[in-house]
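J.: Letter by letter, the chains look like this.
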Amino acid sequence: MHQPPSAAELLRTVADTLNTDVVPATTGPAQHQARVAANIASIVARELEFGPEVRSRELDLLREIGGDAVRGSGDLSAAVATVLRDGAADSNEEHDRVRSLLVEIVRGDLSIAKPGYDDWDGE
Amino acid sequence: MSENISADDPSIRLSTWLSAQEQTDITVTDLNTVSAGARRFNALFSATTASGTTRYALTMIPTASIQLLDVADEASVRELAESAGVPVPHIHHVCTDESVLGGPFFISIAVEGETVPRRVLRLIEQHDNLGSLITRQIGTALADLHSIPESNAPRTLLPDSGLGQIAHALSQVDEGLSELLTPSPAFSFCARWLERNAPIEPAWSTIVHSDVRNGNIIVGQDGLRAILDWEGSRIGDRMEDLAWTTQRMWRFREDHLPIGGFGTINDLRTAYLERGGEWDDDRFHWWRVLLTVRWGLGMAGQSRSHLDGSFVSIVMSASARRMAELEFDALQLLR
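Chains as they are written, first to last, in the numbering used here: chain D, 259 to 381; chain F, 907 to 1241.
FYI, nobody ran anything at the bench for these hints, they're computed from the structure. Yeah, the Cβ is synthetic: ideal placement off N, Cα and C, and Gly gets one too. A hint or two may mislead.
[To be verified] To list a few chain F residues with every Cβ distance to chain D over 10 Å, as calculated:
#1 E928
#2 R1024
#3 A1230
[What the hints assert, rightly or not] Simulated restraints on C-beta separations:
#4 G332(D) / N1035(F): 53 to 59 Å
#5 L950(F) / D348(D): 50 to 56 Å
#6 H999(F) / L268(D): 52 to 58 Å
#7 P1065(F) / G309(D): 39 to 45 Å
#8 L268(D) / W1185(F): 52 to 58 Å
#9 H999(F) / P310(D): 23 to 29 Å
#10 E362(D) / D1034(F): 37 to 43 Å
#11 S957(F) / D279(D): 48 to 54 Å
With the rest of the complex left out, here is chain D:
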């Protein structure tokens, strides 16, 4: 086992170094790439820290969406995607119920990929 810092902490240091030192010292495409690299390091740091918890919650939500139709399925995402594409949420009630649960799943992904993006309620 490694001594700290953890993998996530090291990635945060990578992101901080890119943002603080590399971005101001570069221009044009190199600067853009440094920004993107910093963002990726931050995303992966969050994924290492929160990924397992987000994934576990996602599986619970997928089970709740799919119910009996996906019970025992090896790949829950695929099974739920298939039943939804085939019309499992066509009724108004199911549309509302399933949509809200899908929003919760996507909020989990956004908490890793783009925190704060889920502050929009639509129109």
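Given the coordinates of chain D, assemble chain F onto it according to the supplied hints.
T.: Only chain F this time, still in chain D's reference frame:
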């Protein structure tokens, strides 16, 4: 930003070519790159003759094989749009001879103003009603563009699928879903909704720009000065063009103003109708959902291109991590 074009002395080549075209001595100076993407290269330059100096914009397609629309067709669409009243930087020369600069190019007049989205928003913040004015001008410009008879468009703009606009868009969504490396329950849900709520095909098709948004417009204190980047022009459904302006990505978090972070749908619709355009709320909403899903599937596609080695890039590699943003936006549109 001042990185020079990477051919040997392109200013001299351009001076020679322009002098021959206009049969007078022309000297090109201050040739500066504005943007250099995979598909196009944009630069500004000064051309000096005995009678004075004029600023021009150069658009070059570095590799002819990856252009969406060839420069001659793009130029003719822009000329059609301009003659219909759409603000477009006037094109002075089109050159399909790749030996001059290393790729086909065209030269248009340089239009002063802001194009960078955050600077556009800052300018609008400083002037009362400017956002509303620009939104209405976009509505007017799109009504003018959509008034051009489809029969006047270059033949290469026609879709090759043989399907209607709606059917073609739906088939692209299913194709995109099938190509995902991991499934998206959110987009599968949206695909079903899109299929069940598909509008009838538009009674007629028009030329659509397909990328009118904050970032592809030049604005000043006086409002909209030009619509840029016509490379994605094709025959399509006019409501698609209008719907694309509302993508959340182009609002830069100014979510209370759906058009580019500076305008309301009501302003867009009012101006479009006043200019004689025909607006359909249901089709508009349907296209908003479809375009959001399509863009999200495209993000995943960019990362696949990185993974399979066809376009290796750090930006493309991370694109799939952005798909959740589009899933979220699409689901919110389906409340």
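J.: Which of the listed hints are broken here?
T.: 3, 9
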